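Enquirer: Below, each chain spelled out in residue letters.
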Amino acid sequence: EPEVTQTPSHQVTQMGQEVILRCVPISNHLYFYWYRQILGQKVEFLVSFYNNEISEKSEIFDDQFSVERPDGSNFTLKIRSTKLEDSAMYFCASSVNTGSYSNQPQHFGDGTRLSIL
Amino acid sequence: ELKVEQNPLFLSMQEGKNYTIYCNYSTTSDRLYWYRQDPGKSLESLFVLLSNGAVKQEGRLMASLDTKARLSTLHITAAVHDLSATYFCAVGLPDPGANSKLTFGKGITLSVRP
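Read top to bottom, the protein sequences are chains A and B. Heads up: the first sequence runs through residues 45 to 161, numbered per the numbering used here. Heads up: the second sequence runs through residues 1082 to 1195, numbered per the numbering used here.
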């Protein structure tokens, strides 16, 4: 079964450094998302992306964050200057369709555990 | 702001018994999803519920949706150890034609004991 793949599985970075998290969504999916989960807490929405532009972003997704689809397969999340509180599991997700009456779930990757030192 | 609440947050279940867990949400929605997460793993989609009265079953799990009460239930029949995991419900706001975020509850951690 096709799946969302994320790399790396674990990233350790010094505070203030830039980090890029990579995702390959399922190939026929059109909608892409990033979520994060701080250890032991709920999953929080960061950003959604469709047709090469951001559709929606949360308050967490400030100027330090950016997303890009540099080619036909990859979807990346960049954090420009990492902070300690950015430590979390970051999940990429994709879906075929969405919105009202969408019968398709968002499919999640295995996540990248980001540790900021 | 959409709020999603799940309760209880932790449930210790005895093998072979039946249990029900709940998901409440605060505003009108037409999409509710249940996901399972094993420790350190990703979120696996279990059910998509789209309409009032929708009921879906997979193995020992049955999910239902009452949009009027803004409530979804996940019923577990004859719990087995393999069902030990954290179960999240997630709700999407009505937004025809556009992609929209999911708002997750805090999750319910189920632990099945012999």
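Worth flagging that the hints you see were computed from the coordinates, not collected in a lab. Certain hints may be false.
[Claimed, not checked] The list that follows gives simulated cross-link-like pairs (lysine-lysine, DSSO-like), each with its CA atoms no further than 30 Å apart:
no.	chain 1	residue 1	chain 2	residue 2
1	B	Lys1137	A	Lys122
2	B	Lys1149	A	Lys127
3	A	Lys101	B	Lys1098
4	B	Lys1122	B	Lys1149
5	B	Lys1137	A	Lys127
6	B	Lys1122	B	Lys1187
7	B	Lys1122	A	Lys127
8	A	Lys122	B	Lys1149
9	B	Lys1098	A	Lys122
10	B	Lys1187	B	Lys1098
11	A	Lys122	B	Lys1122
Quick caveat, the model's predicted, so the values are computed rather than measured.
Enquirer: Against each hint, give a clear statement of whether it holds in the structure.
Expert: Going down the list of hints, with the structure as the test:
1. Using a Cα cut-off of 30 Å, the hinted pair Lys1137/B and Lys122/A is violated, with the two alpha carbons roughly 38 Å apart.
2. Of the supplied pair hints, the one linking Lys1149/B and Lys127/A is violated, its CA atoms being roughly 42 Å apart against a limit of 30 Å.
3. Proposed proximity of Lys101/A and Lys1098/B is contradicted: the alpha carbons are some 42 Å apart, above 30 Å.
4. In summary, the hint linking Lys1122/B to Lys1149/B is not supported, as the alpha carbons are separated by about 33 Å, beyond the 30 Å threshold.
5. Annotation: proposed proximity of Lys1137/B to Lys127/A is violated, straight-line Cα distance about 42 Å (limit 30 Å).
6. Taken as a hint, the Lys1122/B and Lys1187/B pair is honoured in the structure, with Cα atoms around 16 Å apart against an allowance of 30 Å.
7. About 24 Å separates the Cα atoms of Lys1122/B and Lys127/A, which keeps this hinted pair within 30 Å; it holds.
8. Taking the CA atoms of Lys122/A and Lys1149/B, the gap is about 41 Å. The hint is violated against a cut of 30 Å.
9. Taking the CA atoms of Lys1098/B and Lys122/A, the gap is about 46 Å. The hint is violated against a cut of 30 Å.
10. With a C-alpha separation of about 24 Å, the suggested pair Lys1187/B and Lys1098/B falls inside the 30 Å cut-off, and the hint holds.
11. With a C-alpha separation of about 22 Å, the suggested pair Lys122/A and Lys1122/B falls inside the 30 Å cut-off, and the hint holds.
Violated hints for the displayed structure, listed by number in ascending order: 1, 2, 3, 4, 5, 8 and 9.
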